[in-house]
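Each chain, written out:
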Amino acid sequence: MHVLDVAASLTTPLLPDDYLTYLNPLWSRREPRGRVDAVMPETADSATIWLTPGIGWPAHTPGQYVRVGVDVDGVRHWRTYSLTSVPGRKDKRIAITVKAIPDGVVSNHLVRHARRGMIVRLAPPAGEFVLPDAITEPMLFVTAGSGVTPVLGMLRALAAAGPLPDIAHVHLAPSRDEVIAGKDLRHLEQRHPAYRLHEHHDDRRGLFDVVALDALVPDWRERPTWACGPAPLLDALSDRFDAEGVADHLNIERFRPVVAADGAAGAGGLVRFTASGREVEADGATPCSPSARTPASSCPAAAVWASVTPVSAPCAAAASAICAPASRSTATPMTRRTSARASPPQPAPSTSPSSAKGPAR
Amino acid sequence: MSTDTSASPLAHLTPEDIEEIGRELDAIRDEVMADLGEEDAAYIRKVIAAQRGLEIAGRGALLVSLFPPAWLAGTTMLSVAKILENMELGHNIMHGQWDWMRDPEIHSTTWEWDNVSSSDGWKHSHNFQHHTFTNVLGKDRDLGYTLLRIDPEQPWHPLHLFQPVTNTVLALFFEWGVAFYDLEIDEARAGKRPWSNVASDVKRLAKKATKQLSKDYLLWPALSGPSFLPAFLGNVTANAARNVWTHGVIFCGHFPDGVQTFDYTEDQLEAETRGDWYLRQLVGSANIDGSRAMHIMTGNLSYQIEHHLFPDLPSNRYAEVAPRVKEICERYDLPYVSGSLPKQYAQVVRKVVRMSFPGGGGAPPAPTARGRPPTRPPPWRRGRRAVACGSWRTPPR
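If you're matching them up, the sequences are chains A and B in order. My numbering puts the first residue of the first sequence at 1, with every later residue one more than the last. My numbering puts the first residue of the second sequence at 1, with every later residue one more than the last.
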């Protein structure tokens, strides 16, 4: 890094990054990027997108997600997608699987318009929805729709390492054709006797009732469980696990509400800084990032760049999460750089170089 | 264009007119804002790429600037790069014109410019003070930059006798002028700003200036080895060229003949409506006519009127907005001050010289002028807000 520090004194007030990214966009260390290498359709409205991440992108743990910044009609949007590839590939590529949701600006853009060579912004991988280091007990996966994606990442990683352990997987989808990576899952089941896939297709059997677990996986109470899908399913599961006294077995990944991520057409709102507990009013275009220009704070500005989310009750969690996705960088002070003399109350500008190192490196 | 000779070019407007003008201008802004997209984003990225390419090429050529053609090419490219960086990029990005893209690399909160002053200080003095209180005497410190007497209503001081010289020095070292101006020492003297604030700003300036100076005058020349001296001189020339150019463009934006200043009290400013504010911006600014290249080199501040009406509208859109603003001016019989760069610059120089002597209120009006600047609150406000404007005289009708 010393070379870059010296170079920075030649490029000040810009960073060497500002020039190097013209040679290769993947060289940006300040705002890590990814290049789309391939788009593989999964179902009619979903696709797996293979990306080469920029230098310094840390390997993920299966089950984690990545925040992806995509420019649609000139405006940067950030969305979170589960990583579905096996970590640590030789070619360094990663994959996300995206389902186009109706009126979804980013998901539709990615599924229908992503092309080889397209550059996106990448935050470091994050998320606590991961498997234990050592798997010793039989497990249960319950997934629905695109909720299968983090579990796909886990299954593929496990399968790459050896025979799959005892896993019961209940997956819900509207129909057989709409099962994301359905072929892969069925193929896994054929090759790994310990992995049992139970597909539930709404078009044939109606909506899934969690009571059905008793029939599908009679010993579900003994199995540590990972569940991901729409809120009603997860709520029903939580209730069931609570009622049976096995709530500590249940690991849940909720898809965060994306409604507010566009700031209700840039309306802005209250931003809560989770580290400091401060709250500030901000418009929809205000970044929650530290200065992107100072090398000291060259933690992934992208990672804390937030479309400001209104902190109304249901979205409070989302806002905090969006403004602090760097759960592993709680030491990172997130400040808005505005004139110190500007009237609105500001979080204290505290970009101390030592603590501002982000996880992207 | 009318032959109205009353004290204010706005005297003939009714409160309803003013409100309607405000609505029309709002509509123009909303329309363009809603239309921003991919092409605009591509435009600013293209300018950024061109600017960085020119800067690299210019500095590259200066590495071998013992060879005179390399010096000339390098200095020219670096000058153009610095001008682009200052005007079309720095000024406009720091205004927030590109914040809608939500790209942290092209954003008013993160952009730092190639200037000795830090962007934070500038954003306060420029975006807030100048753009809010445009041309209000005693409030808009840009009226003469606390250094020059630029309006007959500003009190004369014997030091002003030297202002033609002061102004020339200011032009050559404009970035330093801006840096010291942003420190607001005058405000601290007047007790409106704690000296501790000034001290911390001085520290910030020293830090930034050290980096800037060592880059331009030490590190790059040192890299040039035997070309140290010509490379050094190339940087001196490029910075001076940028300073003189930006100084000229900015002075032409508010000081040519026919541009109005306002002697408002706090109450009067407080009582301003959206329409009033628009009109003050409109008659308080002047455009420069020229080619597309000229407009880009001025950062589209040649559309100063449009910039002041819509400070956060992306600069590439001013050209399309200008005819619509002009049309409103024609319809409501309002001045729209515009002229070629030499013409506007000559008027600025003449004003700087004239104002170095006492008086000057009876300066001959320029062809575009509607009369001398109002020496009291404009009469068009009087009828509507009797409380705030009780002492104003009735507009002649």
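No lab work stands behind these hints: they were computed from the structure. Please read all numbers here as calculations on a predicted model, not as lab measurements. All C-beta atoms in this analysis are idealised placements derived from N, C-alpha and C, irrespective of residue type, glycine included. Hints should not be assumed to be uniformly reliable.
As the list claims (entries may be wrong) - Label-pair restraints from in silico Cβ distances:
#1 B/Leu213 x A/Pro230: 54 to 62 Å
#2 A/Lys90 x B/Leu172: 39 to 47 Å
#3 A/Tyr22 x B/Leu213: 52 to 60 Å
#4 B/Glu31 x A/Ala212: 36 to 44 Å
#5 B/Phe128 x A/Pro102: 36 to 44 Å
Said to hold, decoys possible - Which residues of chain A face chain B? A partial, calculated answer using Cβ under 7 Å:
#6 Val75
#7 Arg76
#8 Thr80
Checked hints:
1. About 59 Å separates the C-beta atoms of B/Leu213 and A/Pro230, a value consistent with the hinted range of 54 to 62 Å.
2. Checking the proposed 39 to 47 Å range against A/Lys90 and B/Leu172 shows it is violated: the Cβ atoms sit about 59 Å from each other.
3. Between A/Tyr22 and B/Leu213 the CB atoms are about 26 Å apart, so this pair departs from the stated range of 52 to 60 Å.
4. Between B/Glu31 and A/Ala212 the Cβ separation comes to about 55 Å, which falls outside the hinted range of 36 to 44 Å.
5. Here the CB-CB span from B/Phe128 to A/Pro102 is close to 43 Å, well matched to the stated 36 to 44 Å.
6. For A/Val75, the shortest C-beta to C-beta distance to chain B is roughly 6 Å, which falls under 7 Å, so the interface hint holds.
7. Satisfaction of the interface hint for A/Arg76 is found here, the shortest Cβ-Cβ separation to chain B being roughly 4 Å, below the 7 Å cut-off.
8. Violation of the interface hint for A/Thr80 is found here, the shortest Cβ-Cβ separation to chain B being roughly 16 Å, above the 7 Å cut-off.
Checked against the numbered hints given earlier, this structure breaks hints 2, 3, 4, 8; the rest are met.
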